Amino acid sequence: MTSPRRTPDWLLERIALGELPPEELAAARTRLEQEPDGPSRLAALKADSAATLERLSPEQVTREVEARLRRASVEKKAPARSPWFTSALGLVPVLAALALFVVVQPDSGTLEDPVTGPVAGLGTETTRSKGLSPKLEVHRQQGRGDEVLADGALAAAGDVVQLAYVAAGRTHGVILSVDGRGSVTLHTPEQGAEAAALAPSGTHRLAGAYELDDAPGFERFFFITAEQPFAVDTILEAARKLAASPEAPTAPLSLPEGLTQVSFTLQK
Amino acid sequence: MSIDVEAYYRRYGPQVLRRCRFLLRDEEKAVDAMHDVFVQLLRYQGALKDAAPSSLLHRIATTVCLNRLRGAKRRPEDREDELVLQIASTDDTESRASARGMLDRLFGRVPASSRDIAVLHLVDGMTLEETAREVGLSVSGVRKRLRALTSVLQELELEAA
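Residue numbers (UniProt numbering), protein chains in the order written: chain A, 1 to 268; chain B, 1 to 161.
Keep in mind the hints are simulated off the structure, nothing from the lab. Please read these numbers as outputs of a predicted model, since none were measured by experiment. Ideal Cβ placement from N, Cα and C applies to all residues, glycine included. One should not assume that every hint holds.
What the hints assert, rightly or not - Pairs of lysine to aspartate or glutamate, EDC-like flavour, derived with a Cα cap of 20 Å: (1) A:Lys46 to A:Glu64; (2) B:Lys29 to A:Glu64; (3) A:Lys268 to A:Glu54; (4) B:Lys29 to B:Asp81; (5) A:Lys268 to A:Glu190; (6) B:Lys73 to B:Glu130; (7) B:Lys29 to B:Glu77; (8) B:Lys73 to B:Glu6; (9) A:Lys268 to A:Glu247; (10) A:Lys46 to B:Glu130; (11) B:Lys29 to A:Glu33; (12) A:Lys135 to A:Asp151; (13) B:Lys49 to A:Asp146; (14) B:Lys29 to B:Glu80; (15) B:Lys29 to A:Glu66; (16) A:Lys46 to A:Glu66; (17) A:Lys268 to A:Glu194; (18) B:Lys49 to B:Glu130; (19) A:Lys46 to B:Glu27; (20) A:Lys241 to A:Glu227; (21) B:Lys49 to A:Glu54; (22) B:Lys29 to A:Asp48.
As the list claims (entries may be wrong) - Derived list of chain A stretches under chain B, where covered just means 3 residues or more per stretch with a C-beta under 8 Å from a C-beta of chain B: (23) 22 to 36; (24) 64 to 73; (25) 145 to 152; (26) 207 to 221.
What the hints assert, rightly or not - Partner residues aside, some chain B positions facing chain A, computed with beta carbon under 8 Å: (27) Lys29; (28) Leu42; (29) Tyr44; (30) Lys49; (31) Ala51; (32) Ala52; (33) His58; (34) Gly125; (35) Leu137; (36) Val139; (37) Gly141; (38) Leu146; (39) Ala148; (40) Val152.
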C-alpha cells in the first residue's frame with residue numbers, strides 16, 4: 001500500500017473523496033498529478049468504485065447491514081437485560097474508579113527525597129510569575145467533558161488523558177513519563193534534541209491525548225523546566241535510570257543544577 | 001438509525017471494500033467484512049462528530065479485518081501481507097475489554113488498539129503525526145504503542161527463524 005515517493009493508497013482514497021483539509025488536499029493532488037502513474041491510479045480507483053456499486057447494489061448492501069444489526073441486537077437481548085441495565089453496567093468501572101478515588105486519595109506528597117534531602121533544583125528556587133511554580137495538569141477525557149485528576153489518582157489501561165502545563169515563567173521544558181514496566185515516554189518535545197520552548201504564562205495543553213496502556217503499577221509524568229535551553233538526552237538518560245530502579249514510583253530524577261522538576265503520578 | 005446506510009455506502013462502500021480486500025486477500029471474505037464495517041459504523045456513529053467518515057471507516061475496516069485475521073492459517077502473498085498477518089497475530093488484550101467497549105460506544109469513541117496503530121504506521125506508511133491524528137492520540141502515545149508492539153513482532157520473527 002505504500003512505496004517511496006508514491007502517494008499511499010489511503011491518501012489516494014482521501015484525495016478521491018476530497019476528505020482532507022483544503023490546503024492538504026490541494027498539495028496532495030498536486031503531488032499525485034506529478035507522479036508518473038498518479039492520474040491513472042486515480043482513474044482506476046474511480047472505475048473500481050463504479051464497478052463495486054454496480055456489482056453490490058446499495059439496496060442489497062443496506063438490507064444486509066440492517067439485517068446483521070437486527071441479529072446482533074437480538075443476540076444482545078438474549079440474557080433478558082433491559083437497555084437501562086446494559087448501559088448502567090458499562091458505567092460500573094467508572095463508578096468503581098470514582099469510589100476508589102474518594103477512598104484512597106493520598107495526601108499531596110512532598111517532592112523532597114526522604115533519604116538524601118532536596119535534589120538539585122527542587123524546593124530551592126524562588127517562586128516566579130506572581131508566586132506560581134511550574135505545574136503539570138492531567139485531565140481524564142470523558143464523553144462530555146474532562147475530569148481534572150489529582151496527583152495519585154487511580155487510572156486504568158485505556159484511560160485517555162490530556163496533559164497541560166503551567167510554565168510559571170520558565171522558558172523551556174520537557175515532559176515525559178515513566179511507567180511500571182520501566183518504559184520512558186517523551187511527550188514534549190515531539191522531536192529535536194533541545195527542550196521545547198514554553199509559553200511562559202497560562203495553562204497550555206499538549207497536542208493530542210495520551211492513552212494509558214496496561215503497564216502495571218503507575219504512570220508517572222515529569223515536567224522539567226529551565227530558563228534556558230537544555231539537552232533532552234540528559235533528561236531521558238536520568239529518566240531511564242529512574243525507570244530501572246525500584247524507587248521509580250517515588251524518587252525524583254537526578255538532574256543537573258539549574259533544572260526544576262515536578263511530577264504527577266497516576267496509580268493503576 | 002440516524003445514519004443513512006445507503007447514502008454512506010454509495011460514497012464510502014468501495015473504499016471500505018478495497019481496504020478489506022487488501023487486508024484479507026480474499027474477495028468473498030472482504031465483501032462479508034465490508035458489511036460488518038457498516039454495522040460497526042452504526043454502532044460508533046457518535047465518533048463521526050470528531051472524525052471524517054473516510055478516516056473513521058478506514059480505522060473500523062482495519063479493526064474488523066485484523067480481528068478476522070487472528071489465527072489465520074494462510075501463506076502471506078507479499079511482504080506487506082506478511083507484516084499484516086504478524087501484527088494480527090499479536091496479543092492485544094485491550095481490544096477484548098468488553099466493559100471498555102461498552103464505554104467507548106457510550107461515549108462515541110472508537111478504540112485505538114496497538115495493532116490498528118501498527119498497521120496504520122508500518123503497513124499504510126502513515127507518519128507518526130498522521131497516525132496520531134488518525135486515532136486521536138498524541139504522538140508520544142502512538143510511539144509508545146509502536147515500541148511495545150515492535151518488540152513483540154521481533155520476538156515472533158525470532159521464533160519463526
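So, going through the hints one by one against the coordinates:
no.	hint	in the structure
1	A:Lys46 to A:Glu64	violated, 24 Å
2	B:Lys29 to A:Glu64	holds, 15 Å
3	A:Lys268 to A:Glu54	violated, 52 Å
4	B:Lys29 to B:Asp81	holds, 15 Å
5	A:Lys268 to A:Glu190	violated, 25 Å
6	B:Lys73 to B:Glu130	violated, 31 Å
7	B:Lys29 to B:Glu77	holds, 16 Å
8	B:Lys73 to B:Glu6	violated, 34 Å
9	A:Lys268 to A:Glu247	holds, 16 Å
10	A:Lys46 to B:Glu130	violated, 24 Å
11	B:Lys29 to A:Glu33	violated, 33 Å
12	A:Lys135 to A:Asp151	holds, 11 Å
13	B:Lys49 to A:Asp146	holds, 17 Å
14	B:Lys29 to B:Glu80	holds, 18 Å
15	B:Lys29 to A:Glu66	holds, 19 Å
16	A:Lys46 to A:Glu66	violated, 27 Å
17	A:Lys268 to A:Glu194	violated, 31 Å
18	B:Lys49 to B:Glu130	holds, 19 Å
19	A:Lys46 to B:Glu27	holds, 18 Å
20	A:Lys241 to A:Glu227	violated, 25 Å
21	B:Lys49 to A:Glu54	violated, 30 Å
22	B:Lys29 to A:Asp48	holds, 18 Å
23	22 to 36	violated (count 0)
24	64 to 73	holds (count 6)
25	145 to 152	violated (count 0)
26	207 to 221	holds (count 7)
27	Lys29	violated, 14 Å
28	Leu42	holds, 6 Å
29	Tyr44	violated, 13 Å
30	Lys49	violated, 11 Å
31	Ala51	violated, 10 Å
32	Ala52	holds, 5 Å
33	His58	holds, 6 Å
34	Gly125	holds, 3 Å
35	Leu137	holds, 5 Å
36	Val139	holds, 5 Å
37	Gly141	holds, 4 Å
38	Leu146	violated, 11 Å
39	Ala148	holds, 7 Å
40	Val152	violated, 13 Å
Hints 1, 3, 5, 6, 8, 10, 11, 16, 17, 20, 21, 23, 25, 27, 29, 30, 31, 38, 40, counting from the list given before, are not met by this structure.
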